[in-house]
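Please model the complete structure; the sequences and the hints are all you need to start from.
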Amino acid sequence: MTRPTDEQRRGMLVDMVTARVQAQRLWNLQRQGRVGTLAPIDGHEAAIVGAVHALDPDHDWVIPQYREPLALRRYGTEVLDRFLLYNIGHPAGGHLPAPLRVLPNQISLATQLPHAVGLAKGLTLQHDSGVVLVFFGDGSSSEGDFYEAGNFAGVLGVPVIFLCLNNQWAISTPTHLQTAAESFAAKAAAFGFPGVRVDGNDAGAVYDAVDTARDRARAGSGPTLIEATLYRLGAHTTADDPTRYVPPEDLEAARRDDPVDRLREELVALGLWDDAVNAEVEAEALDIFDDAFERACAMPLSDDAMLDHCLAEDTQRMARQRERLLADTGGAGG
Amino acid sequence: MSYHFHLPDIGEGLEEAEIVEWLVAVGDTVARDQALVEVLTDKASSELPSPTAGVVVALGGDEGDRLRVGDLLIEIDDGSAGDADPPRSEATAPPESMPAEPAEASAESHSASRASRPKASPATRRRARELGIDLAGITGTGPGGRILDGDLDAARASAASRTGATAVPAAPSTTAPRGDAPQLGQLPAGRHPLRGVRGVIARNMAQSWSEIPHIHSLDELDASLLLDLRTRMEGMGRPVTPLAVAVVAAARALRAFPQVNACVEGSAEGDEMLVHERVNIGLAVATDGGLVVPVLHDADGLDVFSATTAIEGLAARARTGDLGTADLTGGTFTITNYGSLGGRWATPIIPPGQAAILGMGRIADRPVAVDGSVEVRPLLPYAFGADHRIVDGDLLEAFKRSIVEDLAEPLRLLVDP
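Chains as they are written, first to last, in this note's numbering: chain G, 1 to 334; chain C, 1 to 417.
In short, the hints are calculated from the structure, not lab data. Backbone N, C-alpha and C fix where the C-beta goes; we use that ideal spot for every residue, glycine too. A portion of the hints provided could be inaccurate.
Partner residues are not named here, just some residues of chain C that face chain G (Cβ under 8 angstroms, in silico) [stated by the list, open to error]:
#: 1; residue: F5
#: 2; residue: P8
#: 3; residue: G11
#: 4; residue: S46
#: 5; residue: D322
#: 6; residue: G324
#: 7; residue: T325
#: 8; residue: T329
See the structure below:
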């Protein structure tokens, strides 16, 4: 059992508070028509931050689904920059350049899971000691890709950690309509590797579970499926009205166990956090966010930018498309 | 210079939205991210926050107007070198950099235009909604009488200690009907768009009237024991309303006869009978804005006490216009209490998506034959309406009998059916 140190927990809380306030600002930008549809992070902060704090950003890979990027601060400010480019619809947002070990957002449910297994297999072939952590949701676990990825991962014994953020809702489908299994973690039995269930509102518990899974992966013992149970405190996306289906009493109960509040109260009790620190962290988070958003909006956008990050090099057909596109728009290439 | 905030597509592929409520007025100073307006799209109701800090120069529409995505929503003078600018007086020219003011302070300036509405921040309003507290009954302790979160807590505490003394809304009444609102029926000659609540009522009623073949069954029941229950429970500080008894009785009848808790739905293979899983009872409530039907979800889980409390909360939110989408959708059966308006007989229309409705008239003393002699008893006139496509007379009468027997002898609700 590896509990994070107080200093690590403080670092986690900085990232969680940052994600929370930046998410609110991002939501506002969407309501102001300045970014596209997005999925709020509220309620997922402890699970995501706790998990990535158990990783080594220089070696280990993170594959997000679409709700996670604001909580990946541990991987550097470039992640936020690229995420905001993605949110304003700039194709450069779909490219996270080396040495960043983070893949872009994935909207097609569960397709990131086979990617993770392939990436992990590639690392072993390259004798790279990194492990791959991939996020997905309770709804994604019903996709065929989940079972294919889990099966290959088990058979190949690759260094991958499947982290299911079970937030109780797949848009409006509650978990009891999602699976008849006892838990999502229980599905690991079919793949032949361990499945564990942790309190996703406890950043330290998630850290511990990921740390153990990472040790296992690095020792060559293969994958782990972790189910972090939590509650989606916001809407599924900006196009969703959860008041139509989330029982208010359930939401209120979940709010009483808000993961950010929980860690904050623990650290306040230890004398490691107070209102002044909180205000400072929030203000800095918003400054960082506003700067990044300004940079994103100022990013040049060539008429053929949509073709820039599809493949490392243009195929002949893409080159022809690029030429025709630029001829049609009269624009300059990127 | 001005920032022109155009109505954004806040869903996925929205074309238009209705302005439900302006939270700011022309001349107000607004902070960045301060809520400006509540809009209703076909998906949800949302607050749109200000993209900038500045002074409101113009609003793009009135409450109730529908704007298309891309239409000007609001113009805010933010001192920036923004896009083309209409002429305006120098008095509104803001300093180069507008200090961000908290929403609490700036929203006061529009109190004049909305004097009838209690002052409170959107967050406090939301919380009051969640708690079922009517802001109209609260004295605010904030600046300018603004209602703060603490005031809600105080109101809640005092309500908790004031058991039994609460006025019961929308209950079948032996007293005079409520006074008519002064604006009832008042409209100038001319054409008026059917929009907002009026538009929804118009569409629903036309659909029901044209699609559902109604049958009605009307009768009266002796409400002596029902009124006796109310009086005696009131004496114990545990208020129970006849309407709440009707809700509980109806819920158990709907469970006993699921075919009534149903509706007809078209599908590719032709019409189908959809039997609802949950029992959600809508209560028709007259408001100044028109008829609304808030829904008591899972009414089969309520007893007469919790039903009384839940009805009170819904009625309070209906009066203040604070009902959310969840409050207004999902009904599987409806009770309409035209007795509160003074009515005795009516043949109510079944809402779309349902198969039956119960109408309750005004309880009044009337002569009845009891054991061969004429006695005066309080009688509750009622009307059941049903969709004859799926409910025949025998089922309607059995369903009706179950509810009527429970209303005539509420103690039956203590006994398993």
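Tested hints:
1. F5: holds (7 angstroms)
2. P8: holds (2 angstroms)
3. G11: holds (4 angstroms)
4. S46: holds (6 angstroms)
5. D322: Interface hint status for D322/C: violated (12 angstroms vs cutoff 8 angstroms).
6. G324: holds (5 angstroms)
7. T325: holds (5 angstroms)
8. T329: The hint holds - T329/C has a Cβ within 8 angstroms of chain G, the shortest such distance being about 7 angstroms.
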